[in-house]
Structures are given as C-alpha cells and as structure tokens.
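Trainee: Protein sequences, first through last, are from chains D and C. The numbers in this note's numbering rise by one with no breaks, and the one at position 34 of the first sequence is 34. When you read off a place in the second sequence, starting at 1, and then add 1000, the result is the number in this note's numbering.
Possibly wrong hints are sitting among the right ones.
Claimed, not checked - Quick look at which bits of chain C chain D covers, simulated, 3 or more residues with Cβ under 8 Å:
#1 1117 to 1128
#2 1131 to 1137
Stated by the list, open to error - Here are the simulated SDA-like pairs of lysine to any residue, each with C-alpha atoms no more than 25 Å apart in a straight line:
#3 C:K1146 with C:P1111
#4 C:K1231 with D:A156
#5 D:K155 with D:K57
#6 C:K1231 with C:L1075
#7 C:K1136 with C:P1011
#8 C:K1146 with D:R125
#9 C:K1231 with D:D196
#10 C:K1146 with D:T45
#11 D:K142 with D:L49
#12 C:K1231 with D:A243
#13 C:K1231 with D:A38
#14 D:K146 with D:T254
#15 C:K1146 with D:H52
#16 C:K1231 with D:E205
#17 D:K57 with C:R1218
#18 C:K1231 with D:T254
#19 D:K146 with D:L6
#20 D:K142 with D:A209
#21 C:K1136 with D:A60
#22 D:K155 with C:H1232
#23 C:K1136 with C:R1201
#24 C:K1231 with D:R208
#25 C:K1231 with D:H105
#26 D:K155 with D:L6
#27 D:K224 with C:L1075
#28 D:K142 with C:P1011
#29 C:K1231 with D:K146
What the hints assert, rightly or not - Part of the chain C face toward chain D, derived, beta carbon under 7 Å:
#30 T1039
#31 A1040
#32 R1043
#33 L1109
#34 E1112
#35 L1113
#36 A1216
#37 R1218
#38 Q1221
#39 F1225
In short, the hints are calculated from the structure, not lab data. The model shown is predicted, which means the values in this text are computed figures rather than measured ones. We put the beta carbon where it would ideally sit given N, CA and C, even for glycine.
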Amino acid sequence: MRAKRLLSDIVSLTPSNYEDFTRCPRLFYCNALLGLPASDPAPSTDQGLLVHDMLRKIHADGDCYDTDHVTDVLGGHGFDTPSVREMISRHADRCPSRASDRAAHEVDIARFHRMPPPMFMATARIDAVWIHDGIVDARDYKTGGKWVDAVSEIKAAHVQAFVLAERARAHGYRLRLRYEYLQPEVDDDPEPWELDDEALEAVEEELRAAVERMWAEVEWRGVKEVDVCRTCRYRSICRDSAAPGEPAWPVLSTDSGADDSENRSVG
Amino acid sequence: MDEEELPHISPRHLRLADDMCRRRLAREVHSGKRNVNRTADMRFAVSNRIESDARLAQAEAGPPRPEAFVVPGELEPEQQALYRAATRGYLDAFGETPARVVDLGYRTLLPELGVELSSGLGIAAELDDGGRELRKVLVGARRDAKLLDEVDVRIALVRTEEWAPVQLEIVVADVIEQRRATHAPNVEADRAEAHAWIGERVAVVLELAADARPQAGRDCQGCAFISGCSKHPG
C-alpha cells in the first residue's frame, strides 16, 4: 500500500504521533494512518488526566501555592487524596506563576510548514505557558516514569518546540520547554530545553525530513526489537512484532453474545 | 434553491460549531469538497468494510449470512485481524435477528431549513415483524466514549422520518469492546423536539459560518482548507 493513499496532502504531526514515528514506523502506520484500536493494554492515563485537569482548575482562579485554595479545588471535585496533593505540591515548587506576567493553560497551537516541501501541519496542546523574564516558559506535566535526562532528547518535544517557536519569536521572547515530573519517585526533571534560532531551524528541518520519509515509505516496516515491541499497544497484531500474541479485544475473550451489562438508554 | 448549492450540515457542526474555527466551518458548510487539500481516508477502512458487508449479509430477509463477511485481501494484516474480530462481534450482536437491510443514503434534505443534513446513519434494518432497527456499529471506540448521545438520537429521528414514521429502535454496538446500548424513542414527541432542536442549531451554525474568521488551533489538524488561510501563510 503506497503512502500517497494514506497521507493527507498536508501531513498532520502531533507530539505523540511524531514520537510514534521515531519509535517505530509501523506503530505510526497502525495508529495515525490506519486508526486501529489498540490490541493490547496500555498503562492507564486516568491519573495523569485527573492531575492535568486539577492543575488547570487550580490556576484558573487562584494560585497553586495557596494551600487553602488547592484544598478547596481538590475537595470540591472529590480528589483531595494524598497522592494528588503531593503532585500538586511538587508542581507548586517549580511553578513560575509568582514571577509571571501572563499565563495560559491547555493551549492548542497549530503551525503550518509550507516550503520547502513536503507540507505539514503541526498541532499540539501545551499544558501551561508562562511569560516571564523575556521567556515563553512552556510546561508539559508528566505523571509517568522518566526515561531521559534532557527534554531535547524527547521527540514529542520537538513538535511542541516547533509550534511554540513562531509565537515566541513574534513577541521577541526566547523559548524554554520544560517537562515537570510530578511523581514523587522522580527526583529531578530532565534538563529544560532553551532553543535559539539555530536550534529551532534545525527542528523544523528535522520534522520536514521526517515527513519526507513518510512520503517515501512503502513497506512501513516495524523495528522488530523486543524492547520496543513488548510495550507496544499493537504487539499482538503487528505484522513485524517481536512479541506477537493474542489481541486483548474483549470480543475475542467471550464465547458468544454481547455483554448486556452496559445496556442502557439515552435520556 | 438549487440542491447542489445547499449548505451541508454534519453532526460535528451541530455539536461543535461554537468552538470550531469559523473559516473551516464556513468552508465545510458551503464549499463541499471543491478546491480542498486531500485528506487521508484509510482510518475508516475496516469499519466501512464491516458496515458494507453487514448490508450485503442481510440484503434479503433473514438472519445475516456469515459468508458475506470475507476478509479483505487488500487490507493490511493488522486490519484483517481487526476485521475478523469485528465480524465475530457483529454476528454476536445481530446474528440472531432476521431482517432486511435497506439503504437510506448519506444525506437528507431539510427544505424548511434550506440545508442538507449529512451523516452516516448506520445500518437500517427492517425486522420480520415490521419493526425498524437502526444499527450503529463501532469498531473499537475509546472505552470512555459515550455510545449514543442526544445528538445522535435527534439526527436519527429526523433522517428516518419517512422510513420509520411510527416506531424506531436505535442499537449501538461496539463490536470489538462488546459494549452495547439501545434506545427506543417516543417517536412522535421526540421527533418533534428533534426537529426544533436541529432547526435552532442549524441557525447557530449558519450564523457562525457567516463570520468565517480563521482561528489557528486544534481545528487546523485535518483541515482541508489550509490553502489561502491567513493564519497559515507558510
């Protein structure tokens, strides 16, 4: 199957699908292009989503270092648990809000690359953006494990940097991208990434070259490495899996007949 | 009014118009697919094929014929695995229900509003006892996603007015996740409410589309109208 039947004229890049592409082209192919549902369980994102949501609400009408306010917000939503409170507290220790002129939370940003070809549209949701000391200080909250020592090593961050760069430059600000690890088990955040014009140009060219490789793809061959495949959400069905198995789809685990336990009506 | 020139309204517009980029909204509502950037279309290959084969399986009255579900050789191995699982799920969900499937088309003209309502309605099944069952088939939707909401029901009621004038049952089945929801609306009362609601929403959509100011953001992903957009001079 040729790429030109799969890709849009303007290829969509997101932090997660670019991370997938650099990890394994077949993963990107199954997820971003074919839109297949995962065949294998992935770690739950429930707690991460909850903490992101609480941080947004806390900052919406108060300060993360105001413990009474934090208690009100968490309590009001029924999430005032020790683990959530600890993560909010860890964020507050690093939050630049005291020194910041302006802030925005969960910001959707898009940036188009037209020339040189191929074209692509990069979009990203940035957890928080603070403006202070001539810097656009963009934050990505993390509630999972840490695997790298520097944000620049995280491929998803390259898409985030690309979409943020134009706005930062337009206002004469420098760009800094920081990943805040909120789990108590993670001692230090990876080194933040502060990008100058040269670094930003290199990022744009890197993304353009990646999209060029997508257009050149025919086989979308998987990496077939156990370390990569064993945690892949398509490991059971992937043509090139080094860890094949039976899909965990519920329909394959029952003899017959739909589970009516969820039957319900609207209204 | 020329039918070709009628604004196209989709379920997405009814749900999300207030938050959409107005330029994209305007182009989608008024331009159809002319002069657009081509977008990828393989994401629905399996679900489209399952729905198409399910129609074939009950083209004549009776229970669905399993032999109508043939693993598509042109699909990738991963898609084929999903197709096999979805076939099993579909037959689990509907295999015991004799019916004849009919085609209701993709669009319904709403002359009183001067628009066309476009949506994939699902599979329209005429049961042996004359009952009307509208089957919406999902192939591995997110587990936290609602199977059926009020907008789905309203669109179904308006678009099936001629086919199901007195009775309708809507059955949503995620044939991979084994989730199922059914809803039997009060056809007369709920249809009147659906007409009123859609009329109000269409007015809002057309008003927002008349603005047509671009807004860069999440809506830019998958937008077919990037060419000429002032937010993306490139």
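Trainee: For each hint, tell me whether it holds in the structure or not.
Mentor: Here is what the structure says about each hint:
Using a Cβ-Cβ cut-off of 8 Å, 0 residues of the segment 1117 to 1128 of chain C lie near chain D, which falls short of the minimum of three, so the contact claim is violated. Using a Cβ-Cβ cut-off of 8 Å, 0 residues of the segment 1131 to 1137 of chain C lie near chain D, which falls short of the minimum of three, so the contact claim is violated. Restraint check for K1146 of chain C and P1111 of chain C: the C-alpha separation of about 31 Å exceeds 25 Å, so the hint is violated. Distance hint between K1231 of chain C and A156 of chain D is fulfilled; the C-alpha atoms sit about 23 Å from each other, no more than 25 Å.
Between K155 of chain D and K57 of chain D, the direct Cα distance comes to roughly 28 Å. Violation of the 25 Å bound is thereby established for this hinted pair. Between K1231 of chain C and L1075 of chain C, the direct Cα distance comes to roughly 37 Å. Violation of the 25 Å bound is thereby established for this hinted pair. For the hint linking K1136 of chain C to P1011 of chain C, the alpha-carbon distance of about 14 Å falls within 25 Å, and the restraint holds. Between K1146 of chain C and R125 of chain D, the direct Cα distance comes to roughly 23 Å. Compliance with the 25 Å bound is thereby established for this hinted pair.
Our distance criterion of 25 Å between C-alpha atoms is met by K1231 of chain C and D196 of chain D, whose separation comes to about 24 Å. Among the hinted pairs, K1146 of chain C with T45 of chain D is consistent with the structure: their alpha-carbon atoms are about 18 Å apart, no more than 25 Å. For the hint linking K142 of chain D to L49 of chain D, the alpha-carbon distance of about 10 Å falls within 25 Å, and the restraint holds. At roughly 45 Å between alpha-carbon atoms, K1231 of chain C and A243 of chain D are farther apart than 25 Å, so this suggested pair is violated.
Between K1231 of chain C and A38 of chain D the alpha-carbon distance is near 35 Å, which puts this suggested pair outside the 25 Å criterion. Under the criterion of a C-alpha separation no larger than 25 Å, the hint pairing K146 of chain D with T254 of chain D is inconsistent with the structure, at around 37 Å. Note on K1146 of chain C and H52 of chain D: the hinted pairing holds, with a Cα-Cα distance of about 22 Å set against a maximum of 25 Å. Taken as a hint, the K1231 of chain C and E205 of chain D pair is honoured in the structure, with Cα atoms around 21 Å apart against an allowance of 25 Å.
For the hint linking K57 of chain D to R1218 of chain C, the alpha-carbon distance of about 21 Å falls within 25 Å, and the restraint holds. Only pairs whose Cα atoms come within 25 Å are accepted, and K1231 of chain C paired with T254 of chain D is rejected, the gap being roughly 51 Å. The hinted pair formed by K146 of chain D and L6 of chain D fails the criterion: a straight-line CA distance of about 33 Å is larger than 25 Å. Distance hint between K142 of chain D and A209 of chain D is unfulfilled; the C-alpha atoms sit about 28 Å from each other, more than 25 Å.
For the given pair, K1136 of chain C sits about 39 Å from A60 of chain D by alpha-carbon distance, which is inconsistent with the 25 Å threshold. In summary, the hint linking K155 of chain D to H1232 of chain C is supported, as the alpha carbons are separated by about 24 Å, within the 25 Å threshold. Proposed proximity of K1136 of chain C and R1201 of chain C is supported: the alpha carbons are some 23 Å apart, at most 25 Å. Distance hint between K1231 of chain C and R208 of chain D is fulfilled; the C-alpha atoms sit about 20 Å from each other, no more than 25 Å.
With a CA separation close to 21 Å, the supplied pair K1231 of chain C and H105 of chain D stays within the 25 Å bound. Using a Cα cut-off of 25 Å, the hinted pair K155 of chain D and L6 of chain D holds, with the two alpha carbons roughly 23 Å apart. Between the alpha carbons of K224 of chain D and L1075 of chain C the distance comes to roughly 21 Å, so the proposed pair stays at or under 25 Å and holds. Between K142 of chain D and P1011 of chain C the alpha-carbon distance is near 34 Å, which puts this suggested pair outside the 25 Å criterion.
A distance of roughly 36 Å separates the Cα atoms of K1231 of chain C and K146 of chain D; the hinted pair therefore is violated under the 25 Å criterion. Given the 7 Å rule on beta carbons, the hint for T1039 of chain C holds: about 4 Å separates it from the nearest Cβ of chain D. Given the 7 Å rule on beta carbons, the hint for A1040 of chain C holds: about 5 Å separates it from the nearest Cβ of chain D. The interface hint given for R1043 of chain C is met, as the beta carbon of that residue sits about 3 Å from the closest beta carbon of chain D, less than 7 Å.
Below 7 Å, beta-carbon pairs count as interface contacts, and L1109 of chain C has none with chain D, the closest being about 26 Å; its hint is therefore violated. Residue-level restraint check for E1112 of chain C is violated (minimum Cβ-Cβ distance to chain D is 25 Å; threshold 7 Å). Interface restraint check: L1113 of chain C against chain D, minimum CB-CB distance 24 Å, threshold 7 Å, status violated. A cut of 7 Å between beta carbons decides the hint on A1216 of chain C: the least distance to chain D is about 5 Å, and the hint holds.
Satisfaction of the interface hint for R1218 of chain C is found here, the shortest Cβ-Cβ separation to chain D being roughly 4 Å, below the 7 Å cut-off. The interface hint given for Q1221 of chain C holds, since its Cβ lies 4 Å from the closest Cβ of chain D, which is under the 7 Å cut-off. Because the smallest distance between the Cβ of F1225 of chain C and any Cβ of chain D comes to about 10 Å, over 7 Å, the interface hint for this residue is violated.
The structure fails hints 1, 2, 3, 5, 6, 12, 13, 14, 18, 19, 20, 21, 28, 29, 33, 34, 35, 39 (numbered hints given earlier, in ascending order).
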